[in-house]
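Quick note, the sequences are listed as chains A and B, same order.
Using my numbering, the letters of the first sequence correspond one by one to residues 1 to 188.
Using my numbering, the letters of the second sequence correspond one by one to residues 10001 to 11145.
One or more of the hints may lead you astray.
Said to hold, decoys possible - If you want the footprint, here are the derived chain B segments under chain A, 3+ residues with CB under 8 Å:
hint, segment
1, 10387-10394
2, 10467-10477
3, 10935-10947
For the record, the hints were derived by calculation from the structure and aren't laboratory data.
Being a predicted model, the structure only gives us computed values, none of them experimental.
Glycine is no exception: its CB is placed at the ideal position from the N, C-alpha and C atoms.
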Amino acid sequence: MSEAVRPTWSPKEDEYGPVLARLKEEVAACMQCGTCTASCPNGFAMDITPRTMWRMIQFGMVDAIFDSHTYWMCSSCYTCTLRCPRGLKLTSAMASLKRLAMLTREGRREGAFYRAFMDNVESHGRVQEMGMMSGYFLKRMDNPALPLRYLPLGLRLLGKGKVHLPGGGQGRILGPMFAKAREMEAMP
Amino acid sequence: MRKQYGALVVGAGIGGIRAALDLAVTGHKVALIDRRPSHGGILSQLDHQFPTDHCGMCRMLPLMSRDSSSQYCLRKGLFHDNIDLILSAEVGAVEGEPGKFLVSLNRSSPLVDPTKCVSCGICSTVCPVRVDSEFNAGLTKRAAIYLPVPHAIPNHYVLDLDNCQRCWKCHEACPTGAIDFKFEERKDFHILVADKDPEVRAMMEKHLGESNFPLHFTENGAEAVDLLAESDRFRLVLLGLDVDGMDPERVLTRCHELHPGLPVVILTDEARREQAEELVAQGARELLVKPLRSGRFAPWLDKLYMRIMSDTTVELEVGAIVLAGGFECYSPASDPAGGNDVWCYDHPAVLTAVEFERLLSGTGPTGGKLLRPGDGKPVRSIAWLQCVGSRDVKKNADFCSGICCMFSIKEAMLARKATGGEAETSIFYMDMRTAGKEYQRYRNHAEQDAGVRFVRSRPHSLFPDDGGGIRLEYLDDEGRLVPETFDMVVLAVGARPPKGTDRLAEMTGLTLNDWGFAQTRQYSPERTGSVGVFAAGSFGEPRDISESVIQAGAAAQAASRIIKAYDVLAGIATEPEPEYPDVSREPPRTLVAICASCPTLKQTVDIEGLAARLARVHSVCKVATVGSACTPQGWADIEAAAGEFKPNRILIGACMPYAYIPRLKELGRTIGLNPALMDVVDIYTATFGGKGEDDGKAADKEIHATLATAVARLQGADPTPPPVMVDVARSALVVGGGLGGLTAAMAIADHGYGVCLVESEEQLGGSAMRLHTQLDGSDPRKYMEELIAQVRKHPNIKVFTDSRAVLSRGIAGRFRTAIASPDGVFPLEHGVTILATGAHEAKVYESGLCVHGSVMTHLGLEEKIATGQLDAGALSGVAMIQCWRRRSEDRAYCSKVCCPEMVKNVLALKERNPDLPIHVFYRDIMMPGFLEHYYTKARKAGAVFIRYDKENPPKVAFEDGKPVITARDPILREDVVVRADILSLSSGLEPNDVEDLQEVFGVEVNADGFYREADFKWRPVDFLKQGVFACGTGLGPRRMGETVASAKAAAQRALRILNAETIARETVVATVRHSLCSLCQACVAACPYGARVVDLEHGRIKVDEILCQGCGACAAVCPNSATVLKGFHDGPMMSVIDAALEEPA
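Isolated chain B (complex conformation) (with noise of 0.2 Å):
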């Protein structure tokens, strides 16, 4: 029977999590599957992201039921009751159709036993073979059986079989016989040889002996058949295309009539090869070109069979697909252009981007010290080359990549910071593309403070130095050649579609763009060509971490309504959340099971000591010892001996202890008791040491001290049940009735519950109905027409226009809002709050704006084209400025929109008259993503670009009303003077004053006034207040898909607390014993989630226990330990210290 599930997420990478997150805390069963055999995608190999230069994946975990999910590294490993992980799996079919989809996976074996393994890694130490590790980007190397992340949890190693040289060293050195090459079932491996070539035969008859396998031979294709028809103990049919008596197309069919699924091999000559590729597309499982030669054949049928009897396929059905297969970067080696020799790519000083970060990295070749590879030598200078890969027709990358400014910044401040200062970094670029909130910031301050060098200049190629460096040359603004020496340059690789989305799309039946990324929709960037697969991440265009998260919240937002429109999980009966007896009153009752299954802690220490010393130990009613813990006997074992001696505290010593979480659960439910009073631990690591006396004592002690601590730790633990319940109002507040919050209002509405939209302008649309035309050539004004529409006749959304939100208080879940409109104030219960305020253009009254009549904003001149107010026919000549008063000191962000509302004017004026001279000057050109296109589009069409410094802005004079404009062009380094018709300004956008609603919603905004999320990267819609959410240009610049990708991200977030009837207090918080508290408010500024506030009334610091996520970081600060966090009281947690520096009697 085929497992069901809301939504299968492809890839398992930072957008697939984030998809698969959302769907599962909002309830929805998810099977996240990945090829790659560790989850993560390329953020596993990434240390740091800016803008803190940290990691924070974390802050992705969910906030609410975080009992669902274990509250571990996201790197490490993602654990969610809903979410099921299946890695080394690729799509290998979908049928069906949206609500419907039967899809089967191709799960390739890892061959190594996870549920035996326990990553001693003798296997990897024998191993003779050595290739590239792709998790260090090929400057380490790895054997053929290997962990493919160091720190995933449960982390088990993984043959590679395509490198495996089949000596069988790690099957014979493993210690727990995990490895599993099938050398029991090779007689019963049947193999039929249906071909005419003696020489064929013969070659099978000398060679296989060893191999062991029965082999079959005919020469006639009916044989053949019939053979198959007899018996069905084959197992692999080699298919000749010389056959006789039956067409090889025709056996091919009956084969699979008679055996489905059973594997068939072709074998042709070259001549043939065309009619057995045809095979291969019935089905046949691959083609051999003979003739065929023992070294190679042998060695292919082993590892053939090996993934024939180890190999799986996995039927799901799903009601959605969101694809978030994520890109690749571009490779200078395999360039078929020769990217080589241009970039000198095999010399060793010349890294890649993720190359880079892995040599950055403490877990990279080097430990995180900055040598080139090659000489180990210090480096003391870097270049950073932009643009590898991308905006380059000729590599088929007419398009920006969008990620690789920031990226290349990012590594340029952690060069510095890990050099302290000493590594000199430059950075060569064309437009540096900081068109993200905050992006212009942080290149500032890497250019001001940090001494990162910024030259706009592209060098042209690199040659290899004496020195063991590279020499570069590159044109300074003077217009010489400038010879540079680096000691190493990172190239900064573009994005590519990641490989097999051909396939993906041909199964799924989406459209592809010119570049081979999905094609998605306008206004709804997630949807793609085919309906109910979603494209989540950068699966339809390069997005950075930021951009990813929120397009694969839209992603799993469109997934979500398609599981309730289809109802997809209506038969499927949620379990209801178990009782457990409270046993805070009882004294505890420790059981201690001990794993003995696997002989390494045999060989190690002495077992039945160990736990005669744990018995010893305070709390401890019974240490039993268990064989295979991890398998159902074992577990049998442990269920019987919690049934005997009645414990109300379980410990487990174990491997593995992240595998145990869900057996935990399941445990509880069975026994009665809180999973939060059971542990596993590992007591295996220890025991890889080595094999000396010392090594034994000091394993049996760190075993003893492990156990020891976490008894004592189970003797605090306190999962009192939560008293504070919140009922659910299932409603939510929309502020703003612009495109991102009418989007989010019908993604509400749409899953049943109620809206309410206030609108403090009369007409709902917002600034997008200023709009009217895109650079695709679509009617926004139509779009949102239609939209406005629709949620004016939703019968769930209610509209208020003329309105605004004047108080609010409660908690996530119940807030209660007074609304003041023009029919008088009125209250309103909501569960969630989404606030889609908006932006509006800078007012700007310089360069004779709204003096002249010549001088219009990019916005007044589409309308004035549009409406056909202007006759482009009749205009001389147009100039157009850019950044006007944007990025600057007092401004320093990028407003993302002009420079797409330029080259859009730029295109339209074009049309209508092809000759009319327009110059634009500009700073930097941000068009990321495939917007590229557009700009190459309007430079063709003859638009004259003049860059201009922050330092020298054009000036503007008027002669007889009309503009002249003088700017220094930096390429004739002469000064040039542009009369025109009409000079058009990009204002930029300038956030809604919102100072009111920070004040009624308790939330806060950042420099430029946009509103501040609590964490740019990963929670990109949410405010630290829980319950509160932010869409659209209010949170910072945006393009109306990006909007529409918020206002569905925020909304996904917002159902989450929708979805849920009543909201439960989390086990672990914080709380106060007031009689300790001397009211310092240390507590109050150490708390990240703005959970404490002082109640002064009362003259007590007063927690909210719903947004306390319980970090601790309060009981740290507390002088006085008047704060405590539930289950880490300061007793239990010395006591813990105590058992971990206890010498063993």
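This is chain A alone, in the form it adopts within the complex (with noise of 0.2 Å):
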């Protein structure tokens, strides 16, 4: 038997399994030259490297990527894609880290930004500001007086017009676009 055995590592490949098997494709050929890492603009936000994220990839070490928020953190820039000289394509990997970690209860509530962001645009044809953040708090769901505390910074964005109260937007002009997408996402 062989493997590569590390102390915070554990095999959960019957649930990730295909789509990991997918991601270490995606990076293999990467040689830890760590050009994404330094070009990455939130880079000093996360807690591993995106280089070591790739190892761990590699390694498939799972629990160790999921105690991560690292790929939370990357805001899609394609940077370290432009930059990459094996003409890897990291900020897709990335995504499919988000994918991959949404099946997570963690990572359901990580995620909830983003849901939240995706539900608000496609009811509304555009960012609705408030209802956004009442989806995503309602999907947090861990602290419910988190939300007060952001109520003087709301009421001075109201103020200024930078946040709009509920109604308006263009309706669900979106919905046929989101179909495709669901569409594209269920084919093999």
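Got two chains here, separate frames each, mind docking them using the hints?
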């Protein structure tokens, strides 16, 4: 039996196997030059550098990957993809990690913002700030007092016209696009 | 009539020069061309080469028959009887077949008559144009009329027509009338314009008045053809696509039928551009898009006129073609994917490697001082960024340029040296590829002794810093982002195929690989897809100097084989060497001829006074003033004077002395005087000072001194014909029957010389027989078996297995060697020796090798996979460790074969079992050149590569007989434990033991036991001892293709000796006056060629006159003047000094 053993490593191959295998393939050619990490504008906020993240994928360290919130920090600016000398699609690898993480409870909470954002855009045709924020806090469902803390800031933004009250928007104008996206995602 | 040559060498860089010289010394006529106006390629810009950090190009000069090539600095000039150097020339068309290629060269005229230009530089000063200088890589500006390189000999100005503003100031300023804009001929340059557009006619009539061209207009194609048929005065046709009466295509065809070579330019509008391009493809010269604007049209027409009038085509017939186009450097500025922003390349503190070399050069913009361009501040910290434009799939560069690691280390060392150690130097790299012989040592030296910092990280981009420097960020070993500011950043830019490779490929029919380099064959890297067309230097793959030189040797060998096979030059009789009378007993009578054609001399000095004073110099019998020594008329004057006064020394004072070398030889033949008794000295440079009174006097003094010293030197010249001649035994001894030895034997045997191949084992084939596959999928075994079969049945090759050479005596051309074979000892006479003793897999008894069945070497694993002993499907894990016991203190070299071997095994295993986990522990992956592509493949296939440091090698333990490897992963910064079924170790190469051969053949080995060549870069397959050559892995770690190249290069060097019937002693050699010699032996140690030995029997110093190269080192150290160099005796040398210091009366 051959394996790459690390203290924190535990296989959860059943659930994540195929996604992880594809991810592994995607970053296999990485030679750990570190260009991605050095060029990442959000790198300072990541607990594990992107370079180490690819390495963890190569080693199949699922637990360590899900312990990290690195990929949630990715803002899809595509700088790493642009700079990678191996031509790897690193931004989409980060997106895959996000999707993978959404399957866990912890991940669902971390991913709440993404879902709240997309749901909001789907139902309004654009971002409706107030609706999105309430959706986000609902989806996180960790601390009911949390939204109240943002009340003063919210009021100030409201006063300046940066945040709009519910209502308005374009309705479900983007509905067909979302439907198409779901259809494509459902495809193998 | 076409001029015939054995071979055409395209590209006069280092590869081209080596190939041309190799062919020339073997007796073939070579045409060496380059599209640049100067020879030397990229090396003309580089002053320093590692490992010596000096230049050493002169070491490539022929060592035997030295007189046939002038022994000058090769960067300055290349002169050889058999080489015609044709510059500013490009291949225009190639037809024919191997053995008889018909080549036409397009030679673009420098527009400055080289026979008139005296390089005074006035033209350049008056020229108003300033553009980036190519020589200084854009760090300085040059005029439109300029010297391409400052050091070439002969060195003439050339006009860059593309940037010329046509102010004609240079033409007016030139004191010798060398610049020819063909003003006179304009009135005969009839232009036929066939176009319907009235605007074209109106514009041309209005604006071309000054140009003086006779214009003829027609709107009808048929009429145009009629006009052309009537007269042959037309020199140019401008053909519009809208002509009446006849299809423009038909007009073009008729033009070419009536007047072949008549330039036709197509006038088109944007809409019909494609049709116009079609016509250009059919032979039109170029196309112009209407509407034509006078501001651009008039200069364009003027320049076209000058090109048409001045450019020439040269027609050649050659046996073989050697392509040595070199490479171009990746330029961030011209990268469509944007190199300027990422690498901040438009910032003055960011340089490419070549620019940095120019900055450090004495002829560079700062005279060698390390000052930052832009603000001139001294540079105190420099960063080198590796792999800029290499190893980057996004820039179509899934290859390693192979040269950058070493040149960056060298530049860092030079920068340290130039600043007295004050500049901090850092190299940012991914893998430091020190895969060549002694490269790792050089790196260790740089890191440990010279204080160069190596950082393994790839900065992603550069930012300008407020202080004029450059800021970059990189990841350190702890995974932290570290910002650092440097005064200067050097981009180690990678190699790209040279411009025009695709066109050249089309003409010669060769195929290009995915990256645009010439596709070559695995086991004969000099062969391209086209028979008779060979790749030298880095044309087939980016290579460093040493490999380029070897590759050039191999290409020369292949070309030589074609020349031999097709008997290309059979019809050309070689002229017999003339015999000259011995004048050493006659009193010297010197004829001094002063060329007074150019006005600068007359203006500066009083020629008659000068002549009168010279006439009083000892031994001068006549001072003749001739007009234009450079013209046939002037030359005839000199000949006549020589006939009249019967001198036995001739001195010519003129400009450009180097240009006269071939002429002197001719003159020698005509008047029966040895050319060694003639000399040409430069008396014109002294006149370029100024116009002041004192300048005239100083120039006068200088010219007199130049001539007087030359007279004194000629008095001492002593070209007594050489008494020592060696009759060459025309066969070769090849020691070693592996790939190298077999290849070398075939190469020599195919030239018709006998070869004796001695192999110590019972079988031929050597260690290459242990290979089963190659990365490119070819079958090395099959190749070896075929090669062995060919050698076995070759009529010129005798094979002795289980035999060794036990004793060897003699000198190049005639060795006597005793061969011990199972049938007894027998003597052998041979002219040359090639040592191809090879290397073997190093023996490793660690990590459970030879103890556990699960541990093996890469070679063992390859065999197990290939023979099916190992079922990859049944394995659950494989681990590999690279650099096992390599590159440590006692083994400070990279074996070069293990990384490709490892990748080969990874790919083979992955192909059979894609899910097999493979872990590779490595230090630096050495996959130079296109091998990088396979490394990418191995990574993509899913092998996990874990880097380790020399200090922390992976630990191997065994559980139940299976290896467990523990190592620290530097990325995770944690220990990784790998359990595997199989552990494969890279054992590396160790040279075979050659202690006995060292003794027998008088050769040396380096600290690692590999043969020590005469010079790593410039004479990579020669030994210091003449007539003995080395190739293959015995010389240094090599892969199969490289071994073949080195074997062919060595064979070519050997053929030089075998092709000669006799080897004559050179005229300038050292001798010993035994009566004065005190036997202090200082000269023995001083001799760089090992030409001196102590003859204990007679108590004398003996000089081997074949080995002696006449450098004079011995004469300089001899305390008693007992050692003398012929022609440089103390007496005459003293009179030379006297003459130089003498005050003219």
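Subject >> Within 8 Å of chain A's CB atoms, at least three CB atoms from the segment 10935-10947 of chain B: coverage verdict >> reply: Coverage by chain A holds for the segment 10935-10947 of chain B (8 residues, Cβ < 8 Å).
**OP:** Examine the segment 10387-10394 of chain B for residues whose CB is less than 8 Å from any CB of chain A, and state whether their number is three or more.
**Re:** With 5 residues in contact (Cβ-Cβ under 8 Å with chain A), the coverage given for the segment 10387-10394 of chain B holds.
**OP:** Establish whether the coverage given for the segment 10467-10477 of chain B by chain A is satisfied; the threshold is a Cβ-Cβ distance below 8 Å, and no fewer than three residues must meet it.
**Re:** Holds, because 3 residues of the segment 10467-10477 of chain B bring their Cβ atoms closer than 8 Å to Cβ atoms of chain A.
When held up to the earlier numbered hints, the structure conflicts with none and fits them all.
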